[in-house]
Amino acid sequence: MGCVLSVTELCKTYGRESVAVDGISFSVDSGQIVGLLGPNGAGKTTTISMILGVLEPTSGTVSIDGLPLRTRRTAALERTNFAAVYAPLPGNLTVVENLRFFGMVYNVVNLTERIEALLKQYDLVQFRNTKTGLLSSGEQTRVTLAKAMLNQPRLLLLDEPTASLDPSTARDIRARIRDFVRVDHAGVLWTSHNMYEVEEVCDRVLFLSRGRILLEGDPRTLPAEHGKDNLEDLFVTVAREPLSLQQP
Amino acid sequence: MRTRRFLAIPVRQFYLYRGSPARVLSLFAWIAIDIVLWGFISRYLNTVASPGYNFVPALLGAVLLWDFFTRVMQGVTMAFFEDVWSRNFLNIFGSPMSITEYVTGLVISSIATSSVGLVAMLILAGGIFRLDLFLYGVAAVPFLAVLFLFGIALGIMASALVMRLGPSAEWFIWPIPALLSPFAGVFYPLEVLPQWMQFVARGLPPGYVFENLRRIVKGGAFSSAELLAGCILSIAYILLASLIFQGTYRFVVRTGLMARYSAESVS
Numbered sequence: 001m002g003c004v005l006s007v008t009e010l011c012k013t014y015g016r017e018s019v020a021v022d023g024i025s026f027s028v029d030s031g032q033i034v035g036l037l038g039p040n041g042a043g044k045t046t047t048i049s050m051i052l053g054v055l056e057p058t059s060g061t062v063s064i065d066g067l068p069l070r071t072r073r074t075a076a077l078e079r080t081n082f083a084a085v086y087a088p089l090p091g092n093l094t095v096v097e098n099l100r101f102f103g104m105v106y107n108v109v110n111l112t113e114r115i116e117a118l119l120k121q122y123d124l125v126q127f128r129n130t131k132t133g134l135l136s137s138g139e140q141t142r143v144t145l146a147k148a149m150l151n152q153p154r155l156l157l158l159d160e161p162t163a164s165l166d167p168s169t170a171r172d173i174r175a176r177i178r179d180f181v182r183v184d185h186a187g188v189l190w191t192s193h194n195m196y197e198v199e200e201v202c203d204r205v206l207f208l209s210r211g212r213i214l215l216e217g218d219p220r221t222l223p224a225e226h227g228k229d230n231l232e233d234l235f236v237t238v239a240r241e242p243l244s245l246q247q248p
Numbered sequence: 249m250r251t252r253r254f255l256a257i258p259v260r261q262f263y264l265y266r267g268s269p270a271r272v273l274s275l276f277a278w279i280a281i282d283i284v285l286w287g288f289i290s291r292y293l294n295t296v297a298s299p300g301y302n303f304v305p306a307l308l309g310a311v312l313l314w315d316f317f318t319r320v321m322q323g324v325t326m327a328f329f330e331d332v333w334s335r336n337f338l339n340i341f342g343s344p345m346s347i348t349e350y351v352t353g354l355v356i357s358s359i360a361t362s363s364v365g366l367v368a369m370l371i372l373a374g375g376i377f378r379l380d381l382f383l384y385g386v387a388a389v390p391f392l393a394v395l396f397l398f399g400i401a402l403g404i405m406a407s408a409l410v411m412r413l414g415p416s417a418e419w420f421i422w423p424i425p426a427l428l429s430p431f432a433g434v435f436y437p438l439e440v441l442p443q444w445m446q447f448v449a450r451g452l453p454p455g456y457v458f459e460n461l462r463r464i465v466k467g468g469a470f471s472s473a474e475l476l477a478g479c480i481l482s483i484a485y486i487l488l489a490s491l492i493f494q495g496t497y498r499f500v501v502r503t504g505l506m507a508r509y510s511a512e513s514v515s
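Just so you know, the sequences run in chain order A and B. Quick note on my numbering: the first sequence kicks off at 1 and runs consecutively. Quick note on my numbering: the second sequence kicks off at 249 and runs consecutively.
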């Protein structure tokens, strides 16, 4: 298993006082889904923004598939893609136009075939010529995920990918992402506030609080290791009493 | 730099124009109004002014060239604004597309839209008012080149400004051509301006175009040296604009303004 994402001593401060991310280090291996968990403001989105190169770290490094983001940005991001609720696709383009546009941006080979395959895979064939902004939020999420799969990324960043999906569609999407990871040996960094989902899909979780990694481990065994009944209880403790969980 | 990557921007613009008659109309509406208005003003001035001086190539021709410059600048900014309006910055700047590829894509979009506008203006001005760019002879080429290059430079600088200040700064951009026109000598010779304005005008490439245009209409010869100076100045502005855009991009990525762009948190 190769390492597709390596984050070392990553730090982001705004001014002198405000520390958004405080020297975190972690890695994601190929074939692995890693959950990045934590309460609002813990630094999850800041971390993802730095991995995507839209936010410059104050210090620390990010390497994607062995390529340092700082010096090999284009090559590193050619192997990456993402889907996030706060990054919708342009609503004034149709589904196919959006996929073609981003397919060109990611320089996808055999783009037409790739688009057709993704339309089928994400049940978007009937919406191919519909403007993306006219779709329901669940359908838009599927288009965003199809865009994220265009270049068959080695590293996939998913920021609450199932937030606006109904339970049935969400389950379906989770299964497809797991299949993608298994078949393409990609690595996924996944943020979610749905602990049931995290337990179902993630091989490993990182609990982030106040910009630091507080806990790390298997989501199925981690609650018991800290005297909690389930992942949700552990999450609540991280959010309310992080000091009680601080590792020495 | 990958050709396919920067071509994505003009392809996206093509999709948008294809799907919206209102956008297509915007390519022609204002320039058509300008050409018709200034065409009739020029005709009227020909009837009241002393014979021998033709206002059509002097005034209507100048308006046509100024509109071309405006279209070039707006061609860049409109393509950039698409990403602002559709909140597409994270998708674009979190992709492998480099800043050079992105700006190249904006420039190619502008070439396409401003060419359409230029052809429409030439057809209207030629068909109704018998304006012919060939009247300016070979000088028409540097006239267009200087205005095109300066339009691109201003478009890039304007985009950098909106990237830095946020979506609400869009209104700064629209009046830029109107603010520059008094210094560019579109309607009058630069010698009528006060000294300080003439000094500013010499730093702006369009002044060299319109001074030479009037010289040709009066039957004189254009100055190759001045037009060359205009070209060099325009290229210098493009280099400066590219540096400003790169610097602004680095700034917004460093400070977090890019990641929180829609918040318009200017700092």
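If you are wondering where the hints come from, they were derived from the structure by calculation, not from laboratory data. Even glycine gets a Cβ: it sits at the ideal position worked out from N, Cα and C. Just so you know, not all the hints are guaranteed correct.
Partner residues are not named here, just some residues of chain B that face chain A (Cβ under 7 Å, in silico) [as the list claims (entries may be wrong)]:
{"#": "1", "residue": "253"}
{"#": "2", "residue": "332"}
{"#": "3", "residue": "334"}
{"#": "4", "residue": "348"}
{"#": "5", "residue": "352"}
{"#": "6", "residue": "495"}
{"#": "7", "residue": "502"}
*What are the numbers of the hints that this structure violates, sorted from low to high?*
Violated hints (numbers, rising): 2, 4, 5 and 6; every other hint is consistent with the structure.
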